[in-house]
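Undergrad: Each chain, letter by letter, is given below.
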Amino acid sequence: MAFLYDTQSLFQRYLIKLFRNPTLLGTNLFTPLLFLLLFSQLLQKFSLFLPGVSGGYLAYLTPGVVVLNAMISAPLGGVSIANDLNSGFLSKMLLTQVVRPAILLGRLFTDMLVVVMQSIISLALAIALGVKISSGIPGVLLILLTVAFFELALSGIFLAIGLKTRKTETISAISGVIFFPIIFVSSSMFPVSFFPAWAQTISNYNPVSYAANVTRELVIGGLSASTVFYAYVLIGIIAIASFAATLYQFRKVIS
Amino acid sequence: MPDIITVEGLSVVYPDGTKAVSDISFGVKEGEFFGFLGPNGAGKSTTIKALTTLLRKTAGKVSVAGYDLDRSPREIRRSIGVLSQETSLDVDLTGRENLRLQGRLQQLHGKILEERIEELLKLVQLEDVGNKPAGRYSGGMRKRLDLASALIHEPKLLFLDEPTTGLDTQSRVAIWEYLEGLNKKQGITIFLTTQYLEEADRLCRQLSVIDHGQLVANGTPSELKAALGGDAITLTIEDSGLRSRAKEILKTIQGLTNISDSEGGIVAYAKNAGEIIADIVTALQASGIRPSFLSISSPTLDDVFLRQTGRRIRSDELSRRETEPFLV
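Protein chains in written order, with this note's numbering: chain A, 1 to 255; chain B, 1 to 328.
In case anyone wonders, no lab produced these hints; they're calculated from the structure. The structure displayed is predicted, hence computed values, not measured ones. Glycine included, every Cβ here is placed at the ideal spot set by N, Cα and C. Misleading hints may appear alongside valid ones.
Examples of chain B residues toward chain A, derived with CB under 7 Å [to be verified]: (1) Leu54; (2) Arg77; (3) Ser79; (4) Asp92; (5) Arg104; (6) Gln106; (7) Gln107; (8) Leu108; (9) Val129.
In silico EDC-like cross-links for lysine to aspartate or glutamate, where the CA-CA straight-line distance does not exceed 20 Å [as the list claims (entries may be wrong)]: (10) B:Lys156 to B:Asp211; (11) A:Lys164 to B:Asp92; (12) B:Lys156 to B:Asp128; (13) A:Lys132 to A:Glu217; (14) B:Lys156 to B:Asp16; (15) B:Lys132 to B:Glu154; (16) A:Lys164 to A:Glu217; (17) A:Lys252 to B:Asp3; (18) B:Lys132 to B:Glu114; (19) A:Lys167 to B:Glu118; (20) A:Lys252 to B:Asp16; (21) B:Lys29 to B:Glu86; (22) B:Lys156 to B:Glu75; (23) B:Lys184 to B:Asp16; (24) A:Lys17 to B:Asp92.
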């Protein structure tokens, strides 16, 4: 019971913090919208190369932008834990009777909620622009579950880095450096068939592609069980590895 | 009164090999106002972190609030309140929200918690600003809120790590008054570290002086001062050759004790300082030595410190704050 109570207390804390920082919240919510509007307008003619896709490039791009949400939110938890470490607030929490994993879990729930909110806004904008979600409401729920799970897996990487380095700058730098290549060399933004062979190979192994493919099949149709299966297995492996690293670093910090 | 803290042979060695605390032993009685006095880097913070379960000790047997440090850290955390050297509040949360979070993490619920929050805001006189974000508070207000949050679960033992470092005089006196009230009226045992002698002198009934990770003196402030052997006589003699000659001369004077160097001068102690001063001046003049300054004062804890460690706690040392990370 204490574990649930503590997780809820900390979830509330992070949520209040988030809403007290409107700039951060706004940038997080609206960056994907900017991508959606900008790319769908600038690259309108891509629709000509996507004859089988109803809704054209905008419909193709929408799932990519939804997955982008997960990548934008993933570093937030790491930044937050590094700040708490440096300010002494983590020590203060550790001096209470808090069930310690709740400190991490409260944060993870907050970030997952942000991703779900971002994704709902992105999907709403896409629908307003004329995209039809072929799989309907159940499909939307599965999309939200998929991005939330993807965000969770990625956030473990940044939590581990935040606990290890205690530097928010490091997290920003790392996320900035890996962000663009893995987003663009994947099937999230552009059709892979446009890429040179080496980039196609990278894209085929890129987890971002897997998450984007599930989402895309849910938006434009043609969902296959194997796409979902492989995506969830891959994301699950990332989650296990990143949280093993996070828990290892967390134990080092708290003992 | 039984001991609420017992420490036997406590040592803390950091992973890089630094011996922060070496084999110290002491006890703190229930209801005591206990002071741990020492300069920066002496091992005060390390000791507090070890006693409050934040830092793993290397050796020793420690019991806090009746619980063994190794076996029952969670029970210890339930019984103690800790005010860290760095004020640690969530600056995005209001005063009330900070206290509420702290209370919930201490497993308080509902109405009991809300009543406790109001009681504490009143105690530290922040009830008017309780709904403002802590980030907008002054340094003194933050420290008071931090103190309130350490008290949320009504601990019987309170650890304070340099609670007034970096505060202005007015805020410092305010914190002192709260602490005196907590100790006298509510019977909370207080363990305080400080590098301010004035603070230790005013608040603490029992003191330990720590330097280089080792305890160098124990006792009440008056016992420690009395051990010096009377009033302090300070002479300033700029020339170092004359100074060492003067020291030899002082050693021949009956009734002077604990003669030692003190930055550009000599300090010595005597019970009948007023009478002996004539003897000192006469003896020095006979050798042609004229001190440029001479004073008599009641001994302070600074004199105790000088006697035990060979140096004074200087004001420039006070402004240099420890920058070691809180968790190591």
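Undergrad: Give a verdict on every hint.
TA: Cross-check of the supplied hints:
Checking Leu54 (chain B) against chain A by beta carbon gives a least distance of about 6 Å; that is within 7 Å, so the hint holds. Below 7 Å, beta-carbon pairs count as interface contacts, and Arg77 (chain B) has one with chain A at about 6 Å; its hint therefore holds. Contact between Ser79 (chain B) and chain A, as hinted, is not supported at the beta carbon level, the nearest pair being about 10 Å apart and thus beyond 7 Å. Taking 7 Å as the C-beta contact cut-off toward chain A, the hint placing Asp92 (chain B) at the interface holds, the least distance being around 4 Å.
Given hint, Arg104 (chain B) at the interface with chain A, holds; its Cβ is 4 Å from that chain's nearest Cβ, closer than 7 Å. Given the 7 Å rule on beta carbons, the hint for Gln106 (chain B) holds: about 5 Å separates it from the nearest Cβ of chain A. At about 5 Å, the closest approach between the beta carbon of Gln107 (chain B) and any beta carbon in chain A falls short of 7 Å, and the interface hint on this residue holds. Look at Leu108 (chain B): its Cβ only gets to about 10 Å from chain A, farther than 7 Å, so that hint breaks.
With a cut of 7 Å, the hint placing Val129 (chain B) at the interface with chain A is violated, because the nearest CB-to-CB distance is about 16 Å. Taking the CA atoms of Lys156 (chain B) and Asp211 (chain B), the gap is near 28 Å; set against the 20 Å cutoff, the hint is violated. For a cut-off of 20 Å, the pair hint linking Lys164 (chain A) to Asp92 (chain B) is broken: about 25 Å separates their Cα positions. With a C-alpha separation of about 28 Å, the suggested pairing of Lys156 (chain B) with Asp128 (chain B) is violated against the 20 Å cut-off.
A threshold of 20 Å between alpha carbons decides the hint, and for Lys132 (chain A) with Glu217 (chain A) the separation of about 12 Å falls inside it, so the pair holds. The straight-line distance between the Cα atoms of Lys156 (chain B) and Asp16 (chain B) is roughly 35 Å, outside the 20 Å bound, and the hint therefore fails. Of the supplied pair hints, the one linking Lys132 (chain B) and Glu154 (chain B) is violated, its CA atoms being roughly 24 Å apart against a limit of 20 Å. Simply put, Lys164 (chain A) and Glu217 (chain A) have alpha-carbon atoms about 38 Å apart, too far for the 20 Å limit, and the pair is violated.
Between Lys252 (chain A) and Asp3 (chain B) the CA atoms are separated by roughly 32 Å; this puts the pair beyond 20 Å, and the hint is violated. For the proposed pair Lys132 (chain B) and Glu114 (chain B), the alpha carbon gap of about 17 Å is at most 20 Å, so the pair holds. For the proposed pair Lys167 (chain A) and Glu118 (chain B), the alpha carbon gap of about 36 Å is over 20 Å, so the pair is violated. Proximity of Lys252 (chain A) to Asp16 (chain B) is assessed by CA-CA distance (about 15 Å); at most 20 Å being required, the pair is judged to hold.
Among the hinted pairs, Lys29 (chain B) with Glu86 (chain B) is inconsistent with the structure: their alpha-carbon atoms are about 27 Å apart, more than 20 Å. For a cut-off of 20 Å, the pair hint linking Lys156 (chain B) to Glu75 (chain B) stands: about 12 Å separates their Cα positions. Between Lys184 (chain B) and Asp16 (chain B), the direct Cα distance comes to roughly 42 Å. Violation of the 20 Å bound is thereby established for this hinted pair. Between Lys17 (chain A) and Asp92 (chain B) the alpha-carbon distance is near 6 Å, which keeps this suggested pair within the 20 Å criterion.
Hints 3, 8, 9, 10, 11, 12, 14, 15, 16, 17, 19, 21 and 23 from the earlier list are contradicted by this structure; the remaining hints agree with it.
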